[in-house]
Every structure is written in structure tokens, then in C-alpha cells.
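*Asks:* Residues per chain, in single letters:
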Amino acid sequence: MEHLFEAFGAVFNPLSAALVIVGTVFGMICGTLPGVSTSLAIILCLPFTYTMDPASAVVLLISVYVGGACGGSIAAILIKTPGTPEAVATTFDGYPMARKGDVGKALGLAVTASSFGTIFSAAVMLVAAPLLAKIALTFQSAEYFGLGLLGLSCITSISAKDEAKAFLSVILGLLISTVGIDTIDGTERFTFGEPFLLNGINYIPVMIGAFAVAEVIRNIEEYRLRDTTKTVGTVSIKLMKFAEMLRMWATFVKASIIGVVVGIIPAAGGSISSLIAYGEAARSNKNDPIPFGEGNPRGIIAPEAANNAGVGGSLVPTMVLGIPGSPVTAVIMAAFIIVGLRPGPLLLRDQPVLLNTIFLGLIFSALLLFLGGRFVTQQFGHILKLPYPLLAPLIIVLGLVGAYSLENSIYAVFVMFIFGLIGYLFDKFQYSNPALILGLILGELVENSLRKQIIIADGSFSGFFERPVSLVILIIVLLIFAWPMIARLTGIGSPRGKKG
Amino acid sequence: MRAELIFNAFVGFFLSFLLFNALMLPGSDNPSDLLGAGGFPTVLCILGLVVLAFITLRVLRYQKAIHVPLFDARSVDGRAAALSVLLLLAYILVLDIIGFILGTLLYLPIAAWLIGYRSPVRVAIYTIAATVVVTTVFGILFLVPLPRGIGQLRELSYLIY
Amino acid sequence: MTKWLAAVAGVITAVGPVFCGMAQAAEYPRRAVEMVVPFGAGGASDVFARQFSEIASKYLGAPITVVNKGGAGTIEGLAYAYSAPADGYTILEVTPSLPIVEAQNRSSIKFRAEFEPIMRVQADVQLIGVPKDSPFQTIEDLVAFGKENPKKLKIGGISPGGLDDYIAHGFAKAAGFEWNYIPYKGSSVMKAAVLGGELDVYQDKLISFMSLVESGDIRPLVVISDQRIDVPELKDAPSSVEKGIDFTQGSWRGFVVKRGTPEEIKAKIIDAFEQAYADPAYKEVEKQQMTNILPGHLASDEFETLLDEEFEHFRAMFEELGQVKK
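Residue numbers (the UniProt record's numbering), protein chains in the order written: chain A, 1 to 500; chain B, 1 to 161; chain C, 1 to 326.
Pulled out of the complex, with its shape left as it was, chain A reads as follows (with noise of 0.2 Å):
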């Protein structure tokens, strides 16, 4: 308790509140612009820590964490480009809501569900870090299979428009993502002997072709028969009552655990989390007025209270076992190392406020969303007063840069080019854009875990089925891959007869 106390003059002083008030809006700034991810946007403050007292560099590598995990979805929400990786699934029914005309309320709920998220994160991490960090061990080749195949089973939810064609993406997601060296024999895969494919096709340029271009090429040739397009006044955040939020409670809840555990584990990072946690949303609201992917409040929910629960997660490992837990724990663990902490086993004995400095930074952070989220909305949201021919160029300009910006590489922005011609006739021909990002986010984690467990357990299978962890894992995705067939079958589960 008196390390709390302790905390509190560390996180409370003029000098750590202004930081974190800082670190909170620079990160949602970052966030909000595709291309600058919160990786860079903590790389940009590291040479301000370097002078720093250890609390306050941590304080404010955290603080910009946490806005960078929640600024992600303002973009994703305005032009359907998401402006983090981890915001790809509040596209799905984010931006829908948002050309209703409820920008205001999809925004609003971002934020609150994001600062819900963080909090959750922080206050379980502050009771269980240590335990926690056993799970992040528990998970193995075996288990990262399961987990690789559990986010593909959100494939069930995403898209019912037509099972087959959707099928069909994910295929095509998960071929595209073996393109490159192959990350067990370094075979080089579909290269065809040009080195810009060797890293393979990242999953963020194509994310914003299928989703920003397309959208943009759409609109353009429906522009002049009618203008769909409307334009926005003043963009303003409108705050979720707390009525609507005990209303839905569980999906807050779940979504937050999901983004905790999935945070902690080494190889998953907050994009899989966020799509686990809206697959699940979607699973279990099959019923709900407004369909998921046409605008459903807990589509958006559901993903940033995961990602943003990521971050009290991924710090969890990083501190107590000095592995990181996300790429963006990554820097802050060498930020550690330059301030003279030594993250590992023996950092909370040596520093035993450090926890409780970081919890206290999260949750004031987290607060403070809902001030930042208000700032960047209306400097964003003026872009969004142009008339449509205005406004879609200069999207393509920012998807570009975002593309670009990745690996500060042209190639990045042809791919995004390329998938812009294919999202869009994915959407004429009713394919699935989101089925095919699924298939190339997870790719690698499922075919990469899959032969590595077969290669540890010397050529068997059997490692997937012993190992407890990875057994309730396949179990949970074969009844959810079955599911939908057992409830035809038995006309269990849909209350309205047939499944709309």
C-alpha cells in the first residue's frame, strides 16, 4: 500500500501529469495518422527520456501507448482506414456507423471502450502480474496454432453474406501471407526473384487497399448518379450513457479479458486480439437489430476494449519476465534499458513503485482519452468538411503515405494499389475484404506454430492434443466451426426460426 502512495507522487506531480497529458494526445495523434504507428511514436519521444528520472520516461512511453492503442480507431471510423494495425476490426462496423451518420456516437464509444479496456488491463495486471506471467509461458507452439485457428474461426461471424465466396478469402488471405522467405527453412516462397516480396506482403498496405482505395473507388463512380457521400458538420464525440454501458457490460467484459490474455502472449499482438474479441461479440449477438458489419455498437466495442486491454497486458511479461509482449513493448523495454531499469524476474524486487507507477499512469491515461480523443477528433474531423471530391484524394494521399511510411518503401504503396482494384471487386462480386485481412493476419501464426510443433514433437502430431491448454483451444474452435451446423441441424440458437 505504501508503494501505491509511493506512485502517486510519482505519476501526480506537475511534471508527470503534464508528461502523461502529452504522451496521451501525441499518441492518439499518431495513432489517427495511418503510417505512424505507435512503434515510431514511442521511437520519437525516446530522446526526451534519455535526461529523464526513470519513473517519468516510463510514465510517458506508457501514456503514448495507450493513446496510440485508442487513436487507431478515429481514422478507422472517418475514412475506413485503419490508423493502427490493432483497429483493423473497428472498421467492420465502425466505419458503417459512421456513414449512417452517427460519427459522434461510434467515436464515442471508441473512446469509452478503450478507456474501459485500459483500465481493466491496468487494475489486473496491478493484482496478478506475476501470475500472468505464467500464462504468457504456457503458450507454446501448440498453443499458438490454437489461438492462430481460433481467430480464424471469426470467419463464422464476419460474413454471412455468402459462406462459400468468404471461404474462398480466407484462402486467399492465407496463401497471400506465405509469400516471402519461409520463416522455418528460409525456403524463398512466390519471390519470383524479386527482393521486395522476401519480407512478404504486410497485411497493412493491403489493409488499406481493400478497405480505403476501394471504398474511394466505389464512391467515385456512384458520385454523379447520386452523391452518397454526405458531409459532416462539426465532428463531436458523443459519450456513451452509463445506462447503454451496463447494458452491455458483458461484451465490454469479454472483449477485455480477451485483449489481457492475448496481450500477454509473446506472438500475438493486438490485432488478434481485437478480431478474437469481435468474432466473439458477433457470436454471441447474433440476434442483435442492427446486423455486425452494417453498424452494430458492439462491433466497435468489442475490438478497441481489446486492443486497448492489450496494453495492460503485453506490459505484463515485459516487466516480469523481460520478454515483451508486443512489438511496441519491444521499444519500451529498450527504453527501459536506457533509462538503467533492467526489465526481468528481478525488476518488481528492485523496483517494487514501478508497478504501481505504471498502474496509476495507465488509468490516468486512460481518463484523459476521453479529452484527447475529443482534440484529435475535431482537428481530424475537419478534413472531413471537404466535399467528396476533395476529401477523396487527399484519403488516398494518407492511405499512401500510411503505406508508404510502413517500410518507408514504394512497393508497400503498388501493393496497396493492387489490393485497392481487388477489395473492390471482392465487393462486387461479394467476397469478403475482412475474411481476406483474416486469413492474411493470422497465415503466418498458424502455418509457423503448426510446423514447429511438429518439428519439436520430432515429426507427431500429438503435441496438439496433449497439452491441455492447446486441447481446450481446438475443442472451443472445432464447436465454433461446428456450431452454426448443429443449430440447423437441431433448430437450436436462433429464436426467430431461420437465421437472418
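Just so you know, these hints were derived from the structure itself, not from any lab.
There may be inaccurate statements among the hints.
List of simulated lysine-lysine pairs, DSBU-like, C-alpha gap at most 30 Å [stated by the list, open to error]:
#, chain 1, residue 1, chain 2, residue 2
1, C, Lys205, C, Lys151
2, C, Lys185, A, Lys134
3, C, Lys132, A, Lys134
Keeping the supplied structure of chain A fixed, place chains B and C upon it in accordance with the hints.
*Replies:* Just chains B and C now, with coordinates in the frame of chain A:
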């Protein structure tokens, strides 16, 4: 229906092409690596071809017409969309030659005009403002090394970002 | 509308040559120098480059901006630095990954032929250890088991065909056995695999290795070097050479510029980098990252010799592993 059949043919060709290449991949040196580099993609390609065949049969049976304006030169809006796509391609192709700033200064007004905006003054203000803001934010504040172009343009860009 | 565009273009063509001439002038540096890091932002090599260039910019008299070009496994960074003119405004950070890419014939740009060394700044040590509940107490136990059970021991590393792959195979070959090298996506996943029991043997660079040794989770078995390490926790870990295993290799970091860079500009860069290397602020960085154990500094000619030597080793090993592209 024809449009969709052509699309399916492309997907089929893509899958067969990858399947062919996947089968050519060498096996793994590690005897425990049962799947090897080619195993996973091979399975996916075969699965994909099966699903594609199913979808194609369905297309043939229900014969639903799908209009794709982008490839329809007769529709006005399709033309606008097609030209916009070509313009975007041109923009991307010249980025590494003329650099980001000049490229964007050219792309934005032409794109706006193609979609149907005809107010030169506003477009000019918009173009300059947008280019300045994007370059400042990404190039200067966030230190993104935006494409610089070649020769003198490259030297010039160093004065800005 | 086209009028003002023409005007803009006109201004550019008119003013351009002036600046162009400026850049060629002897007064180097006239503008910020780019430091190309052929890796993504946030990794150990990136953080090192950022810290070092911040110190070096003081002595160079111009800001040094870090540019990450992490695509295509260092090849894109290589290509980017290659496409820039040889005027000293583009400096490339190098690690063993670049000679390895050349040794594997993965890139059409031949690294050693196109770039000349400035200096090597630091050298890292690689260690091998086992989890605390492992039956192997010494490196002899491990090697003996490995000889009796070829390819049964599982050792992790980062990426196939990278430095870790080379070190794992090189060490085993020198010791006369074979093991099963399993590549991971990153250091964090590999550590989790070791602690979770998926791998039998752990290899990593010193700074990452240390935290697990301090906590008692990892028992150090051998330092892959010709000398022991002067750190209390690792005093008892023998070096590979001392155990008769004639293999030493670790990671290192240095800088190169494109061949053809004017000598006086090169001299200025070398001078600034030497001063930065001697700066107490840099010594502090080394202490924190624990990269001050081995003498890392090599002047440009020594660095060139090292690159050639290591290239030969890499080529021989990867040829044996069948990872050299035809």
C-alpha cells in the same frame, strides 16, 4: 455473369499458378518438418480450387448479372472511376522520379477534376494547403523520408524535409 | 490551374541547379546526414544507431537523421543507400546480416564491392545456456549428449539463415555434433519458448542473456568467444576456445558509406565518429547495453579485413547448409 466468370478464371489461374510453384518448392532438410515449405500452400491451393469450382457452378446455375462500372467504358461514372484509378497508378509510378511534393501537387487537382469538381480557385487553395500539411506533418514532424525524386529534385527536397 | 503548376515547375528548374552545386561543395556537411538503418524501428540495432548518431552529430556539425528501411531482410536498406549519390550524406549501418545476405547471393547489389567501411563501433558476445532444470550441468555434458543423439537437441535462434543459424551450426560443427535449429520470429518468442520448455538450449546476446541468468532461470554453459566474460554472474562460464571448440562469432555493429565518396568527406565522417566513440556519453550507452565486454572498435581498414574474413566463413557455412542462391 460474364464478368464474374472472368474474375473466377483469374482466381483459378492464380491458384493453379501458385499450386504449380508450391509443388516445385524443395522439401525440407529437417526430416521432422513433415509439411515443408510447400505443404501448407499446396493444401490451400487445392482447397481453394475446390471451393472456386463450387462457386463457379453456382454462378452458372443462377446466372445473376453483376455490373462492374469500373470496366464499363460506356458508363460515365465508370469512366471517371477508371481514369481516377489510372491517375493513381501514374502518381505512384512517378513518385520516385519527381518526388512526393511535386507528385502530390499534380495528383490532387487532377483527381478532384476527374471526379467532377470544377472550381479552379478552391482546388488550387486545397491542393497547396493539403500538400503543405501532409508534407509538414509526415515529412518534417514525423521524419518520414517521403519519396524525394531524382537529380535536382532530390537535392531540393532535403531543404524541406 | 495549369498555369500556376507551370510556374511551380519553372521555379524548381530555375532554382534546382543552385542547390545542386551547393551539395557538391567542399564544405561538408551543408545539410542533415541520413543514417540508413536496414532494420525496422525499435530493435537493438536501431536503438544503437539512434543513440550513436545523436552523439556523433555533435562532432559532425550537422544533424544525423535515422531512416529505417527494414524491408526485404536488409536488402531494401542496402538498395536505398546504394541508390543515393556517394557524397557522404548517406551512411549505412551494418551488422553481420549484410555480409550474410551477400554470402547467400540474395541481393544483386554486392555489399562489399559497393560500400567502404567507416568503422566498426561495437561487438557483442553470444552465449549458450540451458534452462535451470535441464540435466546438462556443463558444456561437456551437452556436447556428449549431442554426439550420441544427433539432431535431438533443440536450439532456438532468430530467423532461418541468419546470424543465429550460423552461430548454432558453426559451434556444433566445431564441437563435432549436430543439433536441431529452430528459428523464431523474435527474441521474445524464443525466450518464452525456452522458459516454457519447448527448447532445450538457449542462445542469445549478452544483454538479453543476463536478465535470465540473474533470475536463475538460465544456467550459462559457454561463452562463444576466445575469452571469459568479466561479469560476476558469468565468471564461471568457460569460453568456447578454452574448451577446445575453435569457434568464435558474435554480432557487431558498424558503419559504411558508398564507394567513391570523396576522401576528405570520408575523413570528416571518420573523425566525427571516432570522437563520438571516445565520448563519455557513448561509453555510458555501452555500459547499459553491456556491449563494452569485447573491444568493438575497428578502424576502417581493419573493419574491411574483418568483413572479407567473415564473408568467407559465411559463404562456406551457408553453402554447406544449401542456403546459397544459385
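*Asks:* Next, verify each hint and record whether it holds.
*Replies:* Going through the hints against the structure:
1. C:Lys205 to C:Lys151: Roughly 23 Å separates the two Cα atoms, so the pair holds.
2. C:Lys185 to A:Lys134: Distance ~21 Å between lysine 185 (chain C) and lysine 134 (chain A) Cα, so the pair holds.
3. C:Lys132 to A:Lys134: holds, 16 Å
In summary, this structure violates none of the numbered hints.
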